[in-house]
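Participant: The chain contents come next:
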Amino acid sequence: MTEPQAARRFRERIATIAYGGDYNPEQWPREVWREDIRLMSEAGISLVSVGIFGWALVEPRPGDFDFGWFDQVLDNLAEGGVAASVATMTASPPPWLARKFPETLPQRADGTILWPGARQAYCPSSPVYREHALRLVEKLAERYAQHPALALWHIGNEYGCHVRACYCDSSALAFRDWLRERYGDVSELNEAWSTKFWSQRYDDFDEILPPRTAPTFANPAQRLDFARFSSDTMLELLRMEKAVLRRVTPEIPVTTNHVPLARTLDLHAWSSEVDVVGYDSYPDPHDPRAHVLAGLSYDVFRSLRGGQPWLLMEQAPNAVNWRPRNAAKAPGQMRLWSWQAVAQGADGVLFFQWRQSAGGAEKFHSGMVPHAGTDTRTFREVTELGAELAAAGELAGTRPDNDVALVLDWDSWWALELDSHPSELGQVDALLAHYGPLFDAGIGCDVVHPDRDLSGYRLVVVPNLYLLRETTAANLTDHVRRGGHLLVSFFSGIVDENDRVHLGGYPAPLREVLGLRIPEFQPLAEGAGIGVELLGSAARATLWSEKIEPKGASVLGTFTEGALAGHPALTRHAFGDGAAWYLATRPEPEAMRTLIDRVTAEAGVQPVLADLPAGVQATRRGEFFFLLNHNAVEVKVRLPWPAADLLTGAQAAEVTLPPRGVAVLKPVER
Amino acid sequence: MTEPQAARRFRERIATIAYGGDYNPEQWPREVWREDIRLMSEAGISLVSVGIFGWALVEPRPGDFDFGWFDQVLDNLAEGGVAASVATMTASPPPWLARKFPETLPQRADGTILWPGARQAYCPSSPVYREHALRLVEKLAERYAQHPALALWHIGNEYGCHVRACYCDSSALAFRDWLRERYGDVSELNEAWSTKFWSQRYDDFDEILPPRTAPTFANPAQRLDFARFSSDTMLELLRMEKAVLRRVTPEIPVTTNHVPLARTLDLHAWSSEVDVVGYDSYPDPHDPRAHVLAGLSYDVFRSLRGGQPWLLMEQAPNAVNWRPRNAAKAPGQMRLWSWQAVAQGADGVLFFQWRQSAGGAEKFHSGMVPHAGTDTRTFREVTELGAELAAAGELAGTRPDNDVALVLDWDSWWALELDSHPSELGQVDALLAHYGPLFDAGIGCDVVHPDRDLSGYRLVVVPNLYLLRETTAANLTDHVRRGGHLLVSFFSGIVDENDRVHLGGYPAPLREVLGLRIPEFQPLAEGAGIGVELLGSAARATLWSEKIEPKGASVLGTFTEGALAGHPALTRHAFGDGAAWYLATRPEPEAMRTLIDRVTAEAGVQPVLADLPAGVQATRRGEFFFLLNHNAVEVKVRLPWPAADLLTGAQAAEVTLPPRGVAVLKPVER
Amino acid sequence: MTEPQAARRFRERIATIAYGGDYNPEQWPREVWREDIRLMSEAGISLVSVGIFGWALVEPRPGDFDFGWFDQVLDNLAEGGVAASVATMTASPPPWLARKFPETLPQRADGTILWPGARQAYCPSSPVYREHALRLVEKLAERYAQHPALALWHIGNEYGCHVRACYCDSSALAFRDWLRERYGDVSELNEAWSTKFWSQRYDDFDEILPPRTAPTFANPAQRLDFARFSSDTMLELLRMEKAVLRRVTPEIPVTTNHVPLARTLDLHAWSSEVDVVGYDSYPDPHDPRAHVLAGLSYDVFRSLRGGQPWLLMEQAPNAVNWRPRNAAKAPGQMRLWSWQAVAQGADGVLFFQWRQSAGGAEKFHSGMVPHAGTDTRTFREVTELGAELAAAGELAGTRPDNDVALVLDWDSWWALELDSHPSELGQVDALLAHYGPLFDAGIGCDVVHPDRDLSGYRLVVVPNLYLLRETTAANLTDHVRRGGHLLVSFFSGIVDENDRVHLGGYPAPLREVLGLRIPEFQPLAEGAGIGVELLGSAARATLWSEKIEPKGASVLGTFTEGALAGHPALTRHAFGDGAAWYLATRPEPEAMRTLIDRVTAEAGVQPVLADLPAGVQATRRGEFFFLLNHNAVEVKVRLPWPAADLLTGAQAAEVTLPPRGVAVLKPVER
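Protein chains in written order, with the working numbering: chain H, 1 to 670; chain B, 671 to 1340; chain Z, 1341 to 2010.
Calculated from the structure, these hints are not laboratory results.
Misleading hints may appear alongside valid ones.
[Stated by the list, open to error] Restricting the straight-line Cα-Cα distance to at most 35 Å, the calculated cross-link-like pairs of lysine-lysine (DSBU-like) are:
| id | chain 1 | residue 1 | chain 2 | residue 2 |
| --- | --- | --- | --- | --- |
| 1 | H | LYS666 | H | LYS636 |
| 2 | H | LYS100 | B | LYS770 |
| 3 | H | LYS100 | Z | LYS1440 |
| 4 | B | LYS770 | Z | LYS1440 |
| 5 | B | LYS770 | B | LYS809 |
| 6 | Z | LYS1582 | Z | LYS1479 |
[Claimed, not checked] Rough simulated footprint, nothing fancy, chain H against chain B, three-plus residues with beta-carbon under 8 Å:
| id | segment |
| --- | --- |
| 7 | 719-728 |
| 8 | 788-794 |
| 9 | 985-999 |
| 10 | 1039-1046 |
| 11 | 1214-1226 |
C-beta: ideal position from N, C-alpha, C; glycine also.
Whole structure, please, built from the sequences with the hints as guidance.
Facilitator: Listed below in structure tokens is the structure:
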């Protein structure tokens, strides 16, 4: 995937790691605006997102536009030397839209209307919403095309965050059109949806509805297609807005910001539509492994455009406000987690939001300028980080280079988490179970679509690829045949793109490469465990077991309890020039680590740095090595070579990292 | 209850224990159909249910019928020598019905519409649905009246499984008609419903609604009548279809299949409408006591028609797919549980479904021919069982003969589980608390309506008969007076058929026979226990306590803790020629067993076989004794007489049962 | 607050502690009515509430009135010497109202209609409901104005108990009118609601809706105003009915009865509208601290009208029926808890209800005459208590005099429990955490609005006053300046009346008096604890921590764990002539007791009686001291002076209280 011209221009304009946040001055009196620019300068701000919730102010009545205040905001920024990511303002329509056109309101599967009063209260298929949104985007584009502050277009905002799908009658019409497009003839749809079951045969597309609340499990293929449709529909909104922007301002890059690792949108389809990927990250400081989940997300989002620099578009300077109990970040934790994003490929660190709101639903979400003002730990940490990042221009544009690919496919995610399955399984849990030990082992990985070219990777890890197209199976098989290594965990390769089972013994399309056949699943009870012996060590596992019949694979682990005692739990199949592993349960983390160590060693995958202390993350971007101490205590790290720390200038072969400390190292050439 | 002619003819046609499953060939290409018949022969299949979800295929458009494919299915079966239980196909209307007539869709109490996309999406009171359903039934009956495969009509399918009741406006109209029929005058309804409370008096039947979501507890008598109405309404559907079938095919028996022991339908009213009782049984292999709950269900369903052979119409060959985590059956467990049904009176063992679906909402429900094909444990076990059952023709038509009756009355069940009660109590829990120790003691029991003739029983057990008509009280009292034994547990005899309290001290209509009076209840807190001394032993109890004032009864157990310390917890009243026991709490299982042992001993009730090892179930049908080893280990059972095993031909006075093993014994006459 | 003339007249008419209950004879045949009057005399009944659910019977059809039966009820009471609290009967409209005017039905936030079948099924803003209700009230007032039984008007019943708010279109219209009244111009509303956030700006009042279900957190100021509107709307109902009653019967006092301590109604606004405060109290006998929560409620309701006698309008003679598991009251517990109400200022003890219903949703709610009749513990205890209260005339009209005020402000309660906060906090929990140790220490307290004159109190306790007007802050500050003591717990003083944060460091308006500044909160995780040292002792705390920067305050406690280890957890600020304490976490109860002991000691607050045994409550009304033994064992209490027991006539300086015993003592003058 080539980096777009517009993205490169944007990168060159910012020149270092971009730093800033959402800037919503409309919430504040004019006298505060001047202070904002002054404080931004103090904090080293280079980029802010503006206008995200501006629609009701720029268009207070239908068709009656008032851009004066926004002109001023952009002028101030330009004057202060701060670049603007200008929102298209369509994420939250004004109350008048719902009053005049109540049919624009979204509906839940059970028919509940989602009313105004919060945000995102629109049906993404509504022609009325679209018409009003595009008129606004055009006005904005035309008005600000030449504005010196304009550096980036921020299209929409957190698509699908609160309204993952709409089930209203407008959505039903759009869904039918989408299906007509996909299937052409209703008989094709009947085949794909297995409608001969439960007397669901459709005689006409017009009989089809969104999967609204039904007496029991709705048709899974209908639900799967509705998930696809919902993602596509929101992507269509982005495309429509982008088309306007491209027409008026062809030189300005576009982005949108995505919410934390979520099922709603097929980001592989989305990523090709933006010039720069934007991500909003909100790890929970109450969770001691939050940085691992964050790390997974960063690898996902960096991989979306093949490792091109991405923007951490939102994070919290301190606590958020939307969990039941919202932890503060410990001293140094915001800095650490910001550097983690950079260490994993981000070229920007932005916050929600610049100035903490005094009113509204997010007033207890921390801001860079807190309620208590600038004489606060939060603002001090913000300012210190700004200075550090401003001096880190060398990092901008560098990229990591990983040998391991973790597979993620939204199609499969959607299908996996449908109901009426052998067991309730979660895609993120499955990813984390495999990502965690890689992270702990200091091994960098990309998170990729399974149909892409895998030849750059030594090891491909498939945590749980329930839905598997034949083409995907061929791609994975080829990878092994050509000498690659493959680790597949249970309940992969089960169904095709229409959620129809690959018959003949699971996982039929992968049986050849894995050298085995599975006649039946044996999921474990909630909370139950099972004994296994893996690679010679006893361990516990949970969640799943199943019967493996090896057809060429060697057995390297067995179940030691229950009806499957003595049967294989882990196999390895030498195939072509490579090897394919298969894991039939979910071992505890220590055992997963042992397995990952073995598989990566075989594949010749090396950690970024060997022998790291526990809790220390190491990553590499180009010639720079990052060390991130996620512990609350000091640690020492011996380096294989003397290096200079970009942040301190110090040069040594041993680094002492304070609690939550960071080092950005460049080996000293001798 | 006499066995209907049609049922006898059906039994004679099958000649042995029927064996088969739901057969849905429409899901498969024609080339598979031939293989199906071949495999059915291999597996010993004698009976399959066909067409259950056929409506959308035989009537793809309103009034446009296409029976060709179904003709072929039946022809194939006839040719293969497999009898067909032909569904009336009305369980799941095609999508066009909802599109043309949205008013046929059912609604929940809160107004949520239940849309198409799954199955059973119809309002049972809808005249439009009924008209379309009956037209279809007539077509089917006329077309297949003379078909050689037709052995049984399968009316509807799992009535009330997903839509227990409908609250829509059509249902409101029907409910009013039902009430007019029941009460004649609205003043009678006002009296029955106690509407002077909370200002609920109705001036006209037209003011009455289903018990839709209300600000707080809805009128309990209204809810009770609505439960009756809902059961009656679905029964009316069955009756209407049956009337068509009887007219066209008077010789063909009818059945319907019921879901696992559920509150929805008053099966005592339903059972007289079918020629053969059908039951779908899905015990959870993750539950170590699943066979006890299954055993209770089998006794319920066998007792519905007074012990006449019934059909296990559905069970899973291996795992199901609708629990959060779906256990596989252990090796031998499917066979054991199949034989359990036979041991408890079934003359047929059928599965859902013949061939495991590749698509749709039940594709992970196991099938007799699994996804992995015939080279699987599942298909091998299916085939082996088929052979065993085919050779067990002697068993068909035999019946058990039990001395103990457990009382179950759906009217009381509905009323018991209404809200705003002294404590949340569950009918099935109450049944199991009493059934479990009987099961463990090897004592067979019937589960009967309390108004029936009880003279054949030595002991009648009343776990929790909250709603008690005066006539029922008289029946129970007479039972004791005439020398029978009676065990009644707490919160029985509290209200009349309109959920109005029998005044004067609980349980007023049973006070005479029990020899006591209860002035007040003292339910225990969630999770709390209370000490009791029962029959000389200390034990713990939960859930309930209450103050008993003996009026003739002897005290055989007392509370030892709390405000009731020293007060009676268990009494026995010698009354007439019998004895009536009363239990005022829920003792732990061991203490319940002690109590059951004492009460059955007094009543002269004998176990089927004495001194059985724990976990071994013994039942009797006619001259045959069944031994079922529910343990995962081998056990030896000494018999009081040498016997021949129908399954092995072996003859001895000691039987060794392998893990999950079964023996069908006939004592050797000497 | 002056006691109204009408209230005084009522008090003089009853002459002692009023005793009685809800009387609903319409549920019973006429022959029971005579027995009722006889039994009331036996039980010492002086006051009953009648007609609460009478509407459907007095107006069986729209406009067709039938008062005959109710005439008879009142005549019987008058003849029997029982005073009547006559309900206006508007709490539960008859079914015909909803049938004729479905728009009168209330709706939930998600659009669910609340149908008839229970009670309170009306939209409080419905003009149709109001018209019908007022017509009825006028009829009643005119008919019974001169009836000798009429002693009190009981307006409505438990306003807001089941329908806390209505979100229908009528409510939307009324809400807009209420907002127009409050804000005048929509721009004022926009400012108050912070609508510049999330693009919520309104251009017109007609765009505004109730806070119906929205995609995510609805605007908190909108929700706060809707809570105010909902309380005001129900108060408007009471005012409208009262206006009719005052016009026709200006001499008759009015009351209404409120449900247990609930968020729904701003009782400070309501209390000035009634002549006598009525409260329904339902402590849970399964809860060993139920009497403490009840005690808090009694102090709240007594304080509503500045300590004027109030009526315990409902309590249960024994068990209730609406919890999942409903405990019976232990022997003596009903008497103890009745006396507790009197000890805390009640001049009446009434029950729901006189005769336990045989049918309907509350039939398992105990009655004074139980299902089992008069030969029951319940009726005996009722009768004994009646005799005691009848002889306690000296107590009537006396009042306590407390030195401690606990602050409660419904505005703040509503705002506190909105979502999207730093942590989920509950107002009642916060009150109880502070009230409990005061209760245990034997210190009487009032529960007051924070804007009232506080000069009578030595100590003011502010458990959690999240919403704080500047005027309130000034009032609290003045209290300390003038020598009062103040204890404020965390998350107080955060927002203004529009839920907008007081900027500049929390809690800005209280920073001066507390001598500190809080830059950030650090809520604890669910279930997590934190170590603290308070006043020299180590303890555990939960729920919350935060960073305090002392600005004059002394540190008397610190956190000993986590990111705040060593930082202040408890401070004391000498300010003006008084002192202000601040507590930054929720210590365990023992530590809270230590703190309360220290703060009260400093403030010169004395317990009612010193050195009481644990579990013994002491209160004072005028010259009478009450001792209430909440233990299940006997205790002895030494008095500082010899005293006479009003209940036994005994005279001594030591009192032996049996389990759950009560003494009402008058010191003997020497």
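Participant: Would you mind marking each hint as holding or not holding in the structure?
Facilitator: A quick look at each hint next to the structure:
| no. | hint | verdict |
| --- | --- | --- |
| 1 | H:LYS666 with H:LYS636 | 17 Å, holds |
| 2 | H:LYS100 with B:LYS770 | 30 Å, holds |
| 3 | H:LYS100 with Z:LYS1440 | 30 Å, holds |
| 4 | B:LYS770 with Z:LYS1440 | 30 Å, holds |
| 5 | B:LYS770 with B:LYS809 | 21 Å, holds |
| 6 | Z:LYS1582 with Z:LYS1479 | 13 Å, holds |
| 7 | 719-728 | holds (count 5) |
| 8 | 788-794 | holds (count 4) |
| 9 | 985-999 | holds (count 9) |
| 10 | 1039-1046 | holds (count 6) |
| 11 | 1214-1226 | violated (count 0) |
Taken one by one, the earlier hints fail for this structure only at number 11.
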